[in-house]
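Chains as they are written, first to last, in this note's numbering: chain W, -7 to 389; chain P, -7 to 389; chain R, -7 to 389.
Treat each hint with caution, since some may be false.
Given that identical chains are not distinguished, each listed pair holds provided it fits within a single copy or across any two copies.
To be verified - Simulated crosslink set (DSS-like; lysine-lysine; CA at most 27 Å straight-line): (1) Lys313 / Lys300; (2) Lys382 / Lys2; (3) Lys195 / Lys333; (4) Lys179 / Lys382; (5) Lys121 / Lys195; (6) Lys250 / Lys179; (7) Lys121 / Lys333.
No lab work stands behind these hints, which were simulated from the structure alone. Keep in mind that this is a model prediction, so the values were computed, not measured.
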Amino acid sequence: MCNITPYIQKLNSLTFPDMYLSDFLLTWEKTDQELQAIFTVADALRHLREHNAATQVFQSGLAISNFRDNSTRTRFSYTSAANMLGLTVADLDEGKSQIAHGETVRETANMVSFMADVIGIRDDMYIGKGNAYMREVAKSVQEGYDEGVLEQRPTLVNLQCDIDHPTQSMADMLHIIHHFGGLENLKGKKLAMTWAYSPSYGKPLSVPQGVIGLMTRFGMEVTLAHPEGYEVMSEVEQVATANAAQSGGKFTKTNCMKEAFQNADIVYPKSWAPFAAMEQRTDLYGKGDMAGINALEQDLLAQNARHKDWECTEEMMALTKGGEALYMHCLPADITGVSCKEGEVAASVFDRYRVPLYQEAGYKPYIIAAMMLMARCENPQQVLEQFASKGMQRWMR
Amino acid sequence: MCNITPYIQKLNSLTFPDMYLSDFLLTWEKTDQELQAIFTVADALRHLREHNAATQVFQSGLAISNFRDNSTRTRFSYTSAANMLGLTVADLDEGKSQIAHGETVRETANMVSFMADVIGIRDDMYIGKGNAYMREVAKSVQEGYDEGVLEQRPTLVNLQCDIDHPTQSMADMLHIIHHFGGLENLKGKKLAMTWAYSPSYGKPLSVPQGVIGLMTRFGMEVTLAHPEGYEVMSEVEQVATANAAQSGGKFTKTNCMKEAFQNADIVYPKSWAPFAAMEQRTDLYGKGDMAGINALEQDLLAQNARHKDWECTEEMMALTKGGEALYMHCLPADITGVSCKEGEVAASVFDRYRVPLYQEAGYKPYIIAAMMLMARCENPQQVLEQFASKGMQRWMR
Amino acid sequence: MCNITPYIQKLNSLTFPDMYLSDFLLTWEKTDQELQAIFTVADALRHLREHNAATQVFQSGLAISNFRDNSTRTRFSYTSAANMLGLTVADLDEGKSQIAHGETVRETANMVSFMADVIGIRDDMYIGKGNAYMREVAKSVQEGYDEGVLEQRPTLVNLQCDIDHPTQSMADMLHIIHHFGGLENLKGKKLAMTWAYSPSYGKPLSVPQGVIGLMTRFGMEVTLAHPEGYEVMSEVEQVATANAAQSGGKFTKTNCMKEAFQNADIVYPKSWAPFAAMEQRTDLYGKGDMAGINALEQDLLAQNARHKDWECTEEMMALTKGGEALYMHCLPADITGVSCKEGEVAASVFDRYRVPLYQEAGYKPYIIAAMMLMARCENPQQVLEQFASKGMQRWMR
Chain W
-7 MCNITPYIQK LNSLTFPDMY LSDFLLTWEK TDQELQAIFT VADALRHLRE HNAATQVFQS
53 GLAISNFRDN STRTRFSYTS AANMLGLTVA DLDEGKSQIA HGETVRETAN MVSFMADVIG
113 IRDDMYIGKG NAYMREVAKS VQEGYDEGVL EQRPTLVNLQ CDIDHPTQSM ADMLHIIHHF
173 GGLENLKGKK LAMTWAYSPS YGKPLSVPQG VIGLMTRFGM EVTLAHPEGY EVMSEVEQVA
233 TANAAQSGGK FTKTNCMKEA FQNADIVYPK SWAPFAAMEQ RTDLYGKGDM AGINALEQDL
293 LAQNARHKDW ECTEEMMALT KGGEALYMHC LPADITGVSC KEGEVAASVF DRYRVPLYQE
353 AGYKPYIIAA MMLMARCENP QQVLEQFASK GMQRWMR
Chain P
-7 MCNITPYIQK LNSLTFPDMY LSDFLLTWEK TDQELQAIFT VADALRHLRE HNAATQVFQS
53 GLAISNFRDN STRTRFSYTS AANMLGLTVA DLDEGKSQIA HGETVRETAN MVSFMADVIG
113 IRDDMYIGKG NAYMREVAKS VQEGYDEGVL EQRPTLVNLQ CDIDHPTQSM ADMLHIIHHF
173 GGLENLKGKK LAMTWAYSPS YGKPLSVPQG VIGLMTRFGM EVTLAHPEGY EVMSEVEQVA
233 TANAAQSGGK FTKTNCMKEA FQNADIVYPK SWAPFAAMEQ RTDLYGKGDM AGINALEQDL
293 LAQNARHKDW ECTEEMMALT KGGEALYMHC LPADITGVSC KEGEVAASVF DRYRVPLYQE
353 AGYKPYIIAA MMLMARCENP QQVLEQFASK GMQRWMR
Chain R
-7 MCNITPYIQK LNSLTFPDMY LSDFLLTWEK TDQELQAIFT VADALRHLRE HNAATQVFQS
53 GLAISNFRDN STRTRFSYTS AANMLGLTVA DLDEGKSQIA HGETVRETAN MVSFMADVIG
113 IRDDMYIGKG NAYMREVAKS VQEGYDEGVL EQRPTLVNLQ CDIDHPTQSM ADMLHIIHHF
173 GGLENLKGKK LAMTWAYSPS YGKPLSVPQG VIGLMTRFGM EVTLAHPEGY EVMSEVEQVA
233 TANAAQSGGK FTKTNCMKEA FQNADIVYPK SWAPFAAMEQ RTDLYGKGDM AGINALEQDL
293 LAQNARHKDW ECTEEMMALT KGGEALYMHC LPADITGVSC KEGEVAASVF DRYRVPLYQE
353 AGYKPYIIAA MMLMARCENP QQVLEQFASK GMQRWMR
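The following block holds chain W by itself, in its conformation from the complex (with noise of 0.2 Å):
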């Protein structure tokens, strides 16, 4: 039988009145106790699925989404959350619309919000846009409720910004934390966040970022892994030094995969590209320079190339903790042999991962609609409890 209680009782526990129509966009924006809240609900949410339950916390509305990037794992996800909540997704797609008019962003947000409850984004392409850009959106429909133009303030949730991908990095935990049986047991554990190569080009820093500014937060000792001249954002390092101080954990850099490796209990080797690198493409793109554009990229694949041993192989996995690291990725990964000629992956270390590598992501629906019902009730021990009293079931099997 549904048994919500162990969810209810944990929440009561936990400190959280900020959430309430709040917004998304950082993880480090978020109290410790704020965090365990989103974990918690994502659990009771998954719990009351399992138990045919149905949650609708919504009879109507809306639950935007602007994808500025391709999507398929985090758009799917944002659908079953939106889905499972009863929200209808309405795609606000660039293409379609007459934004091309130089509509301001102000004016476009207010416009599709008029019966939205959520609005999720992606905008990760370009350095020091895509967060503002979610800023400037959330600025914009908390303006209009307050001047009377929208009857609800729409919350905003990051799907993957320049900075952050909290919904990502959020799920990542949650794996960590039903692997070792709790977060409780999570201090002293070591992770390694490590670059591996690509030979794709460009792909987003916010997944290491998004790591290494969230696994910090709960004593673990995590290690950001990357050749020279693939350093990250230096603001989110600062972050993790931060939080590292401040949880008991540690936070450190090498250019050394071994090193990482090294007795690790958990393992992230992922591709990105140089924030440098990155930042000079957000500028040759506002110029216009596309054959600037073509030489970075020529220069970018180059340098990627000699950095091929960075790829996660079963020597490397034999320096981690008994050989037995969990191994991690936000997929999908480059596996070599099978996606691409060499890539971050040896394809028997993948699939000896692969059935973990799918339940990571499953946490991604219920972590987004975790923050969706945390930003939209005032009360979720309440909320939760309906569902599971009420007997409504979501299946009739």
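Position chains P and R relative to chain W; hints supplied.
Then chains P and R, alone, in the frame of chain W:
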């Protein structure tokens, strides 16, 4: 608390037996009382939503959308309206369909309508085509229903055609009604529907036509102003003239923007293309004469450029009643120095009216929902009463 | 009043324990009783909808759609079916996803399915690919479910592949059943599935194959007619032959259209591409040989043009039983003088059968909904009974 009684009483005082199962294609095909009923239902739905009452007319059903031109505002308004009544939008994207085969309108209209309760169409690109297409769809689904092909006869809603833009003009009108404190206060109010300069070409005529075709009905004194050569459809001018005669208002024309603004209570300055040029363009498209179309476009841009003084500046606004006329626009506006170098309106004017402009746009979802509800519910009073009395919450906040 | 009892009684007389949680990929993988159960549930759902009963099997859940080829009818039928059962369609648009990265089918299938109850796929372009792709998806989600990645195992529905088009042939069959007043009246009825001329090339084989693979099962005498060189897959012909032997019907072939029409009760004249040519095209695509593909296309069009006399004219119809055979088509048809200069059917024949053709298409949403319901509900009788007895209205008319 939610008090639906005034709306019910208002509806009880109105006569609208022909609205049930009817289409909404042109405002001037509806009686004054029918339009008032729509305004009343729109206000009632907003009142219910503001009091967190669920408003599902439908447990399931589709609202087909068919956008043959770009749209943001109307697309999201239509989606919002469908969603608040319980319908799911299914977009007929003619690019993804088999319609290129040379399939007839009659066939497509029936094929998408087996479970459709509403069909919303935007088709505003070619003179003589858009409204005709809607009528062909309406006739097709009526036949389908009569022949036993369709179990229900879906209702058509005109989301902008070559003649009228009724969801826009009705939302505009509801904005005016609320601004002046009621329909009964509009008699004698001066409204200036004027052309304005834009650096883009070929903007539809449906907004100015929709405005003069509707606003002349309730005793207002409407002036249509534009440079010579920017005439609108003469049939709609005749409608406006007849409306004014019947409502005790006025309909006048001028080629002087200042004359129109003089002492106006409401100004609606907005660019559009000359009707004759749009007819010419339609012919050129029919012949596939792309060189002719490009030449026409250059001519029209040059013609527009001779009228850059048709801008809604502070000086122009100062001419209006007390310098405080209500400035209106269907959005997005071409704002001088913001979305273009020289445009329809000065930035300072637009900024001062930004909030009312957004509120004006905010009526559209409710107007569309009211059009849907009035066409699908034989007894709207009873339906609204049930929403109010059942106490089903839209949102478990 | 709504009377669901006859449908329940019919279902009680049938055996279908393997339908629950099963896929629907080929009609010949299902027993006769299973197919009859689907027809019965389709009729029951229509009866419920005609009596304004809500039919939500699901309070939330996704129906994934994956259209690898254009679609109007099937797309809207699938959307309608999902909507009437309470599911929300989420379209896997491979262009907007990250699948280009070289992601495996197994991974994508799991990533979109965390909250999916149904997956509908159209993949009809390449011989040997479409059905195989569906089976790979089915295997992938089965593994995902077995491994604990997915909480539910989504059901696959074949929305047209290279071999079969079961939602079409089942809708066609239900049309025939109603036309002749019951399945029991079909024994000995003559059906002519014939090729017909079309000016377009490369039409899928799945419709003729689906028809001969299904219609031979209930005692009908099915003739497949086409010019030499337009053979269909031999495996499906073997299925048809075996079916006819078992059902007491007949399956014959001819290269003469007239012979097939002679005394036929039902005619289904429709263009398709030769199987051998489609195999060749698949190979050419595999090699990226675009010149070869263009040459093949020209050959095929020239080959088609030699058979313009394969048209369903009034003269041909006069050969049928009493000159009044039921004319069928999956639509859209190539109508001579309407959608093309010379085509599959004379305009006067098409017009005379337009209403029954549209009704034929109208069964598809119910057939798909029945396939979904039978696969997701262990006890369909109980579910239908609840819809009838709960008295929840679909529409507050």
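Hint compliance check: list the failing hint numbers for this structure, sorted ascending.
4
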